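Given only the sequences and the hints, what does the whole structure look like? Please build it.
Taken in sequence, the protein lines are chains A and B.
Using the working numbering, read the first sequence as starting at 32 and increasing by one per residue.
Using the working numbering, read the second sequence as starting at 132 and increasing by one per residue.
Some hints could be false.
Heads up, simulated DSS-like pairs for lysine-lysine below, C-alpha to C-alpha not over 25 Å straight-line [said to hold, decoys possible]:
#  : chain 1 : residue 1 : chain 2 : residue 2
1  : B       : Lys421    : A       : Lys172
2  : B       : Lys248    : B       : Lys471
3  : B       : Lys248    : B       : Lys273
4  : A       : Lys216    : A       : Lys144
5  : A       : Lys272    : B       : Lys261
6  : B       : Lys436    : A       : Lys181
7  : A       : Lys181    : B       : Lys354
8  : B       : Lys290    : B       : Lys437
9  : A       : Lys272    : B       : Lys269
10 : A       : Lys272    : B       : Lys248
11 : B       : Lys290    : A       : Lys181
12 : A       : Lys236    : A       : Lys220
13 : B       : Lys297    : A       : Lys181
14 : B       : Lys261    : B       : Lys290
15 : B       : Lys491    : B       : Lys539
These are computed hints drawn from the structure, not numbers from a lab.
What you are looking at is a predicted structure, and each value in this text was computed from that prediction instead of being measured.
Here's the letter readout for the chains.
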Amino acid sequence: MFTKSDLAKYPFIPEASKFVKDLDIKIDELANPEYRSVLNRAQERIEEAIQDALVSRKLHNYGIEIPSFPIAIMMVVALANSYIKKRYALAEAKGVYHQLEAEDSEKIIEIAKNFDWNIKLIEDGSTGIYDFSLHFTNFLKNGTVFRDEKWKLVNRVMLQGDVFLTKSEASRLLQEEVQRYIEGKLNVKIDFLPPNIMERVEQLKQLLIEKGGKFRSESLPKTVVNAAFPPCIRELYDNIKSGHHLSHIGRFALTSFLINIGMTVETVVDLFRSFSDFDERMTRYQVEHIAGEKGGRTKYIPPRCDTLRTHGVCVSTDNICRRIHHPLAYYRRKLRSVKKVVIKPQKE
Amino acid sequence: MRMGSSLSFVRNKFAEYYRSNSSFIQPPTSIEKREFGFLLLKERFMLRHRSFENVGVLRSFLKTTVPSDAYYSGAYYERPEEKMEEKGWLGADLIFDIDADHIPTPCDKNHDSWVCKNCGTVDKGLPPEKCPECGEQKFDEKTWPCEVCLETAKAETLKLIDILSKDFGFSLEEMRVSFSGHRGYHLHIEHEQVREMDQMARKEIVDYVVGIGLEATLHGLEKTSFDNRSRILVGPNLDENGWRGRIARGTYEFLLTATLEDLKRIDLKRHVVKTLLDQRESLLESWKEKGPWGKMKNVGVESWKKIALHGAQRQAAKIDTVVTTDIHRLIRLSNSLHGKTGFKKINVPIRGIEDFDPFKGAVAFKDGSVTVFVSDSPKLRVGEQIYEPFKEQKVELPTAAALLLLCKGAATVVE
Ligand code: SF4
Ligand SMILES: [Zn+2]
Ligand SMILES: [Zn+2]
Numbered sequence: 032m033f034t035k036s037d038l039a040k041y042p043f044i045p046e047a048s049k050f051v052k053d054l055d056i057k058i059d060e061l062a063n064p065e066y067r068s069v070l071n072r073a074q075e076r077i078e079e080a081i082q083d084a085l086v087s088r089k090l091h092n093y094g095i096e097i098p099s100f101p102i103a104i105m106m107v108v109a110l111a112n113s114y115i116k117k118r119y120a121l122a123e124a125k126g127v128y129h130q131l132e133a134e135d136s137e138k139i140i141e142i143a144k145n146f147d148w149n150i151k152l153i154e155d156g157s158t159g160i161y162d163f164s165l166h167f168t169n170f171l172k173n174g175t176v177f178r179d180e181k182w183k184l185v186n187r188v189m190l191q192g193d194v195f196l197t198k199s200e201a202s203r204l205l206q207e208e209v210q211r212y213i214e215g216k217l218n219v220k221i222d223f224l225p226p227n228i229m230e231r232v233e234q235l236k237q238l239l240i241e242k243g244g245k246f247r248s249e250s251l252p253k254t255v256v257n258a259a260f261p262p263c264i265r266e267l268y269d270n271i272k273s274g275h276h277l278s279h280i281g282r283f284a285l286t287s288f289l290i291n292i293g294m295t296v297e298t299v300v301d302l303f304r305s306f307s308d309f310d311e312r313m314t315r316y317q318v319e320h321i322a323g324e325k326g327g328r329t330k331y332i333p334p335r336c337d338t339l340r341t342h343g344v345c346v347s348t349d350n351i352c353r354r355i356h357h358p359l360a361y362y363r364r365k366l367r368s369v370k371k372v373v374i375k376p377q378k379e
Numbered sequence: 132m133r134m135g136s137s138l139s140f141v142r143n144k145f146a147e148y149y150r151s152n153s154s155f156i157q158p159p160t161s162i163e164k165r166e167f168g169f170l171l172l173k174e175r176f177m178l179r180h181r182s183f184e185n186v187g188v189l190r191s192f193l194k195t196t197v198p199s200d201a202y203y204s205g206a207y208y209e210r211p212e213e214k215m216e217e218k219g220w221l222g223a224d225l226i227f228d229i230d231a232d233h234i235p236t237p238c239d240k241n242h243d244s245w246v247c248k249n250c251g252t253v254d255k256g257l258p259p260e261k262c263p264e265c266g267e268q269k270f271d272e273k274t275w276p277c278e279v280c281l282e283t284a285k286a287e288t289l290k291l292i293d294i295l296s297k298d299f300g301f302s303l304e305e306m307r308v309s310f311s312g313h314r315g316y317h318l319h320i321e322h323e324q325v326r327e328m329d330q331m332a333r334k335e336i337v338d339y340v341v342g343i344g345l346e347a348t349l350h351g352l353e354k355t356s357f358d359n360r361s362r363i364l365v366g367p368n369l370d371e372n373g374w375r376g377r378i379a380r381g382t383y384e385f386l387l388t389a390t391l392e393d394l395k396r397i398d399l400k401r402h403v404v405k406t407l408l409d410q411r412e413s414l415l416e417s418w419k420e421k422g423p424w425g426k427m428k429n430v431g432v433e434s435w436k437k438i439a440l441h442g443a444q445r446q447a448a449k450i451d452t453v454v455t456t457d458i459h460r461l462i463r464l465s466n467s468l469h470g471k472t473g474f475k476k477i478n479v480p481i482r483g484i485e486d487f488d489p490f491k492g493a494v495a496f497k498d499g500s501v502t503v504f505v506s507d508s509p510k511l512r513v514g515e516q517i518y519e520p521f522k523e524q525k526v527e528l529p530t531a532a533a534l535l536l537l538c539k540g541a542a543t544v545v546e
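And the structure:
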């Protein structure tokens, strides 16, 4: 059973939604002064997300804390900014993680079951340090984002489909699940919000812009900087330039990389033109498919380094490679140093 | 290239097969959600994005079209007949492919060869990554189904089954094993739980099965101290589950058989190699207790890591990694014919896999004979009959053997 304080800690569980529903708050009543403190807290949740990437828990007043979550969700949706959506989901999920770590095992299981996890308590202590066993599909759904080798399935203890976990590991995986769940919640459209909420949304936008310098610079420049290509892409690029055929995955890695750093479909198609068996229609189709122009929905990003390594595309690595896990991350990092060289003299 | 009459012979035989055997064509589950693809016999053209309401329509399609190869998607789609990005991916089965093409065998030099499409360089065995002469990567390959290669593939399949059942917990009923009709085996899992797994998750499964990224130190190889005395190296034991046991058993096997060259090849220091060779007997004895890990003062954790990883490689199953991670992959339809051999893809009872004889079980044509002119063929067996290599000669052969040579382009029908 969940207590009210549990609902405040984990406001995403169905019981919390029910609690809010029973309060019977109407959207157009949100302007009423009685909801002021709820709105304050909702806005604060988002501010915490922007400032610290971690939403705190204020458990002393669950009557405010619990409904502030769905309202914060509405505000984030209204912000209509993909960065803050991700950031907010992450910050909420991190908050959940901190709570979970301190919970007893039964509670963790109860929460995990909300997400249909196939999780069991290990009772007999025969497995030493582990507290839970979790079906590998649940594990993989949440664990593939981690880079540390201890999270690779091959390095786990797995028996009969169940992966053994410590309490902190289970909590960490749940954090991912919660983050994804909240991201899903944020992917909706809202038509109308009362003016007093929109006012708060405006304030948050301002804060976001102040803080925004960091994530802005994260986006890539419009021109393609060949000098910042990672070794794997350089190799593929040179190969294709000299008329060599690429493996399937090589082709995919190169194309998706170039599209993602802003090369046009046209230019990418031209790259393949030198082949004797060049088929304009097919090539264009494939490149557009990767660029996501045709169906609209899918835009692919290049495979991660470990995938490229598995398929033999990662041939040589350099210093930067050691610090990144994705060719695009390499590009971003390298850009900074390239830019320093190229752009600085112009400014001075 | 095949002569006209050879092609029509093959076509007639394939047509005859589908006329009288189409009732054996089993539909994949949720047939209406699968994409189908067919390689057309005459045109050598791949027809994709087909879909069938039910198995009846599929069977009559096979009868009238007579493809050289028939495939369906491991994936389920809302609209299988649409272009890829509009199909609406719903999920995909978990599929493993074990193909002799990806396993070097001692005999591939005897029966396989390749020609560089660019410069014409020819050599025996499996083709290299790049042509040593011109660097191109396109080859015409000539490979043969061979007993030794297929036994190797079968051994890998057994390892795969072991990993999937013990570690992943799939029951034997949930795994379907089949012989591809050419050079390998497929293992197919349709379990609800695996359907929605994304490519990253599937890649983790691949890495598990192949042992990519394996870290012995995360599987029990570590220094621990007993009653506060000096720290001593411990490691996994033979009877442990999962990769721990596999690392231990692989290490045991490696220590048992390793030659001086083997040990040098994995980059061990000279004194380590010497110790391992000198102390082989006592190291092997040590498995009766805690294993060899802490036994030799001058063999440290770094050396053991190398040995363990090398040993573990023998315990991994050598699958074609791309097939499992590709969530749009087409796979051959069971009981359809393989265009490169005239054999059929056939399900193998998982409990009887060790006794399965692909050169008998997959034979699709049991009657008749035909006279062919064979340009060049390796030693072959079809059914009980063994054929020594043919070179530039006319022979009368049973239909199945003749078809194999015709499909391989190694023979023509004598009119
Ligand atoms: S480490 Fe990553 S970025 Fe560097 S070469 Fe390899 S795949 Fe490319
Ligand atoms: Zn060549
Ligand atoms: Zn062979």
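Each hint, compared with the structure:
Between Lys421 (chain B) and Lys172 (chain A) the CA atoms are separated by roughly 36 Å; this puts the pair beyond 25 Å, and the hint is violated. A threshold of 25 Å between alpha carbons decides the hint, and for Lys248 (chain B) with Lys471 (chain B) the separation of about 19 Å falls inside it, so the pair holds. Pair hint Lys248 (chain B) plus Lys273 (chain B) holds up; C-alpha atoms about 13 Å apart against a cutoff of 25 Å. As the CA atoms of Lys216 (chain A) and Lys144 (chain A) are separated by approximately 19 Å, the hinted pair is consistent with the 25 Å bound.
Taken as a hint, the Lys272 (chain A) and Lys261 (chain B) pair is honoured in the structure, with Cα atoms around 16 Å apart against an allowance of 25 Å. Between Lys436 (chain B) and Lys181 (chain A) the CA atoms are separated by roughly 16 Å; this keeps the pair inside 25 Å, and the hint holds. Distance hint between Lys181 (chain A) and Lys354 (chain B) is fulfilled; the C-alpha atoms sit about 18 Å from each other, no more than 25 Å. Taking the CA atoms of Lys290 (chain B) and Lys437 (chain B), the gap is near 22 Å; set against the 25 Å cutoff, the hint holds.
Distance hint between Lys272 (chain A) and Lys269 (chain B) is fulfilled; the C-alpha atoms sit about 17 Å from each other, no more than 25 Å. For the suggested pair Lys272 (chain A) and Lys248 (chain B), the alpha carbons sit about 19 Å apart, so the restraint of at most 25 Å is met. Distance hint between Lys290 (chain B) and Lys181 (chain A) is fulfilled; the C-alpha atoms sit about 24 Å from each other, no more than 25 Å. Pair hint Lys236 (chain A) plus Lys220 (chain A) holds up; C-alpha atoms about 18 Å apart against a cutoff of 25 Å.
Under the criterion of a C-alpha separation no larger than 25 Å, the hint pairing Lys297 (chain B) with Lys181 (chain A) is consistent with the structure, at around 21 Å. Only pairs whose Cα atoms come within 25 Å are accepted, and Lys261 (chain B) paired with Lys290 (chain B) is rejected, the gap being roughly 30 Å. Distance restraint check for Lys491 (chain B) and Lys539 (chain B): the Cα-Cα separation of roughly 18 Å lies within the 25 Å cut-off, and the hinted pair is therefore satisfied.
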